[in-house]
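So the protein sequences, as listed, match chains W and P.
At position 22 of the first sequence (counting the first as 1) the number is 21 in numbering that gives the first Met the number 0, and the numbers step up by one without a gap.
At position 78 of the second sequence (counting the first as 1) the number is 77 in numbering that gives the first Met the number 0, and the numbers step up by one without a gap.
Quick caveat, the hints were computed from the structure, so don't treat them as lab data.
Be careful, since some hints might not be right.
As the list claims (entries may be wrong) - Here are some chain W residues the structure puts well away from chain P; computed CB gaps all over 10 Å:
#: 1; residue: Leu78
#: 2; residue: Ser84
#: 3; residue: Leu122
#: 4; residue: Arg123
#: 5; residue: Ala131
#: 6; residue: Pro145
#: 7; residue: Asp180
#: 8; residue: Ile192
#: 9; residue: Gly193
Claimed, not checked - Rough simulated footprint, nothing fancy, chain P against chain W, three-plus residues with beta-carbon under 8 Å:
#: 10; region: 0–7
#: 11; region: 113–120
#: 12; region: 197–206
#: 13; region: 214–226
#: 14; region: 255–263
As the list claims (entries may be wrong) - Stretch-level coverage of chain P by chain W, calculated; a stretch enters the list once three of its residues show a Cβ under 8 Å from a Cβ in chain W:
#: 15; region: 17–23
#: 16; region: 41–52
#: 17; region: 61–75
#: 18; region: 123–133
Backbone N, C-alpha and C define an ideal beta-carbon position, used for all residues, glycine too.
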Amino acid sequence: MSSGVPRAGAMDLATLDTLNALLGNSANSAAIECALTGGEIEITERVTFAIAGARCSAKLNDMEIDCFRAYTAKAGGVLTIDAISSGRFVYVAFAGGIDVPVVMGSRSTYVPGGFGGVDGRRLRNGDVVKVATSPRVRHHVADPLPTALHPKRSSGPIRFISRGAADELTLSDWKLSSSSDRTGYRLAGQAVIGGASITSEPVCPGVIQLPPGGEPIILMSDAPTVGGYRILGTVISADLGRLAQFSPGDPVSFEIMSVEAAQRELVADNERIDQIRAWTLG
Amino acid sequence: MTAPRVSTLGDSAVTVTFGEGISEELNDLVVAEAAKISSARLPGVLDVVPAYASLTVHYDPCRLSYIDLVTRLRAMTPNSAERAAAAPASHVIPVRYDGEDLNEVAERLNLGATDVIAIHTSREYRVFVIGFVPGFAYLGPLDERLVLPRRDAPRKRVPAGSVALAEAQTGVYPSETPGGWHLIGTTDVRMFDPGRTKPALLSAGDRVRFVQS
Chain W
0 MSSGVPRAGA MDLATLDTLN ALLGNSANSA AIECALTGGE IEITERVTFA IAGARCSAKL
60 NDMEIDCFRA YTAKAGGVLT IDAISSGRFV YVAFAGGIDV PVVMGSRSTY VPGGFGGVDG
120 RRLRNGDVVK VATSPRVRHH VADPLPTALH PKRSSGPIRF ISRGAADELT LSDWKLSSSS
180 DRTGYRLAGQ AVIGGASITS EPVCPGVIQL PPGGEPIILM SDAPTVGGYR ILGTVISADL
240 GRLAQFSPGD PVSFEIMSVE AAQRELVADN ERIDQIRAWT LG
Chain P
0 MTAPRVSTLG DSAVTVTFGE GISEELNDLV VAEAAKISSA RLPGVLDVVP AYASLTVHYD
60 PCRLSYIDLV TRLRAMTPNS AERAAAAPAS HVIPVRYDGE DLNEVAERLN LGATDVIAIH
120 TSREYRVFVI GFVPGFAYLG PLDERLVLPR RDAPRKRVPA GSVALAEAQT GVYPSETPGG
180 WHLIGTTDVR MFDPGRTKPA LLSAGDRVRF VQS
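The following block holds chain W by itself, in its conformation from the complex (with noise of 0.2 Å):
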């Protein structure tokens, strides 16, 4: 990020996360990232793959298909991902992971720049995408990964973690405006009073900014490494998958956090991502 890279990657990462883990691949293997709408994929060569994330209808050639659930797809097979109905953000993952170049240390695609993923740019019509051999043959559980392992979405407020003016945002109804983007999701309700532009500080995702406008900016997965307004706190990262899974009108409540505890939401991840890897191999 000091080289002005923003951390790009998954928008709902910790659903990615459980379908590396149920897939047995590393944590950094890629996936494909469906946003808003369904699409189809030909499957040239024999492949195990799951699907995860906003409510849509899939199907394998006429199988209904679950989320967190591995299926094995022979070559000729089409996987077609129906109008998401809820939610913004659907991932297909393979086992092996989708093989294109490691730049700066990752396969994410990073589109305001033009780099990573396949050419920088999001996949179109006709695209072939390989899938890279997983390291070792795995017989993958064909059951449906337990609820309890699935990742923990509460349908309570967003939990944030205060810079100290927390008033604005806990006490106003807000709803989830429909200029949201990779780059930030920006609130649509009472302008707040307070906004400023200040010296640029570095920022990440998650960080909630209040411009002069009055209307709230939290910043998503391509926001630019460095911010020029004031902040009021950061969304913690346990919650920004849920959080980026919002579609616009939807409404958006924020609730603050301790550091303490938004660590703890964090470290219970990690282990119920590990757990699913031990669930993978019994």
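Let chain W serve as the given structure and place chain P on it in line with the hints.
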């Protein structure tokens, strides 16, 4: 001197603030402290990002707790003797002064275009911060005679390699992006290349000189 202030930036980063505003002395301190923290190689620290008057330490909370990190940072009190330790890297950037806004800038400043070029190339600038887009360096301080507010209407596309100025700063756009600064020239130097071992040419604290090519 006043002790730096440590504040949380969520559960995976802390910001250390050394003062307010833009000053070379403050930035020297930030750059030196960032280097000190980086070279300490604390397990769990992922990245150290310097800015004008503050720096942020990004870390993995599963390996290093907030309390542990803050304790270690507080133990590294700034030491003015260490500030002058490493000589900053110097760069020379050749520029074709053919920018779309050069004549307009000269006119608004009551100068000839050659004067603008002479003033722009006459001093060594320092890199205050890298950010906003990969490899973009905020250079300053710009000579008072060249100070102009940003353009009223930013351009949707500024060509990669554009040398520009606005307010008290100057810089080079590493890639084609929207931009609101005045374009006075072009350089072929690749300011950012993700394939290089060190992708961004410049780092905070470096010194830069422009020469007319």
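Each hint, compared with the structure:
1. Leu78: The claim stands: Leu78(W) keeps its Cβ more than 10 Å from every Cβ of chain P (closest is about 31 Å).
2. Ser84: holds, 31 Å
3. Leu122: holds, 19 Å
4. Arg123: Answer for Arg123(W): holds, closest chain P Cβ roughly 20 Å.
5. Ala131: Nearest chain P Cβ is 20 Å from Ala131(W), so the label holds.
6. Pro145: Its Cβ never comes within 10 Å of chain P, the nearest being 23 Å, so this holds.
7. Asp180: holds, 15 Å
8. Ile192: Given a closest Cβ separation of 22 Å, the condition holds.
9. Gly193: Given a closest Cβ separation of 17 Å, the condition holds.
10. 0–7: As far as the region 0–7 of chain W goes, the hint holds, because 5 residues have Cβ atoms under 8 Å from chain P.
11. 113–120: holds (count 3)
12. 197–206: holds (count 8)
13. 214–226: Held - the region 214–226 of chain W has 3 residues with a Cβ nearer than 8 Å to chain P, which meets the minimum of three.
14. 255–263: holds (count 4)
15. 17–23: This one holds; 3 residues, not fewer than the three required, reach chain W with a Cβ under 8 Å.
16. 41–52: holds (count 7)
17. 61–75: holds (count 4)
18. 123–133: Held - the region 123–133 of chain P has 6 residues with a Cβ nearer than 8 Å to chain W, which meets the minimum of three.
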